[in-house]
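Visitor: Chain by chain, the residues run as shown.
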Amino acid sequence: MKIHNLALAVGAAVALAAGTAAAGDWSKIRIATEGAYAPWNFTDSSGKLVGFELDLAKDLCERMGSECEVVAQAWEGIIPALQAGKYDTIIAGMSITEKRMKVISFTECYAATPATFVVTKDSPSAGFKTDLEAINLAEVSGDEKTALDAIKQEFKGKTIGVQVATTHLNFLNEYLAGEVEIRSYDTQENLDLDLDAGRVDAALAAMSYWKPLLESDKGKNMVVVGPGLTGGPFGAGVGVGIRQDDKDLVAKFDEAIAAAKADGTISKLAVQWFGFDASCK
Amino acid sequence: MSIEFIQEVLPRLLGGLLLTLQIVPLSLVLGFALAVLVALMRLSPNLLLSGLAYGYVYVFRSTPLLVQIFLIYYGSGQFRSFFQEIGLWPVLREAYWCAIIALTLNTGAYTSEIIRGGIQSVPWGQIEAARACGMSRLLLFRRIIFPVAIRQALPAYGNEMILMVKSSSLASTITIMELLGVTRQIVSETFVVFPTFAMAGAIYLSINFGLTRGVQWLERRLSPDLYRPRETGDAIAH
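Those protein sequence lines, which keep their order, are chains A and B.
The numbering of the first sequence is the working numbering, which starts it at 1 and goes up by one.
The numbering of the second sequence is the working numbering, which starts it at 1 and goes up by one.
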């Protein structure tokens, strides 16, 4: 009897292993998103996940002929849970950076937007501007150095809020640590509440996040200041995060993204959600 | 789990521990003072006082601490102009003080019930005896009721202190970089999950090990009669 049970158990285990192996054809793909980073991905009033990336994921899945299931996962655990096999991909406004490339793979970039500071309209920094409108941190020129120094000067001794585990936090740690007090938040939405409440003097996030927010009622008291920041710690745009072992899945997504770029689908979705074409060129 | 990784993150974890060791004792001390007051109000024959105390304890024991922390932190942010007018905003602006307030109010509610139980367990005979000696109410409370009540309440209060050490980790949800806050930050930077959380768990474990030992020692000091070596059954049989 016991041996019989054991045989059953072994049989079941083998069947289970075969089941996961069969999933390698990617007819079913599990996608994780954060659901708290509008308009990239967020939860609408009925509790449904919506946003630029949800529409994009739907389009890409159709192109790949895969059945996709999207789950919401808290931002700070989103990479560990991918590695633990809770889902197969991350489509959550995640920038492609060297640090993340060490632990996961990325597809090519599908969208990229500069990072900008935002303050409240009654803040002393509300009129802050530099001579440059954009700074690329990949190679910093003389003018760009001057503009970076102006940022340092403007926010010296102030508190800047930022979401935890983001390229924006990496930038603050690399360029402004010691000059400003950095406060990190679990979600961008909680940071917005504290910016509004005056607990932080400024917040740093992607332009694609700020633009729709500032046009809405929630952001009516906020204003973008200083130059747009790209390159360096901000990485090479936003891509789909995938386990390093799943090279076939990366290739599958790359193909679908290239096709969606080529026929203008990504540009169209970007304009629809961000108000400007944030697609990768 | 590599030695280099431990060497890299341990100093940061200990930095977070330092903040935990600030938040917990401060809210415990403030909460205890509040609890004594509330326990006395609760036992007062004045219906208004005891009703107020009952309401406070009821609300804070029946809602999750996380909800209380969010209400005090993000809730106060929504009524900023009101708090600015009454001059409380400089305090409520700081996440640190919001956490202290929430933890104090929470432990105050639980501790007041522990103290009330202690006070009510003081044998009536002792109180009568003290009255017979002509003690005033204040002296009676200071010399008889309070010391006996504390002794009775100590084991339950030890529990509450341990719970507070663990509850303080919820402060990490409002940007406070105490032990768990730092741990979560390290995890989200390095993606090394298991060793980091295991180290944080071990640190909490050692804090509470020390705390439990401390309470045990105090219990023995306060009730030496309970810990006298007893004559065993065998000895009696001989």
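Simulated from the structure, these hints should not be mistaken for lab results.
Owing to the predicted nature of the structure, the values given are computational and were not obtained by experimental measurement.
Where a beta carbon is used, it is the ideal one built from N, C-alpha and C, also for glycine.
Any given hint could be a false lead.
[Said to hold, decoys possible] Pulled a few chain A residues facing chain B out of the computed Cβ check, cut under 10 Å:
hint, residue
1, W75
2, Q83
3, Y185
Visitor: Can you give the numbers of the hints that this structure goes against, from lowest to highest?
Guide: The structure breaks none of the hints.
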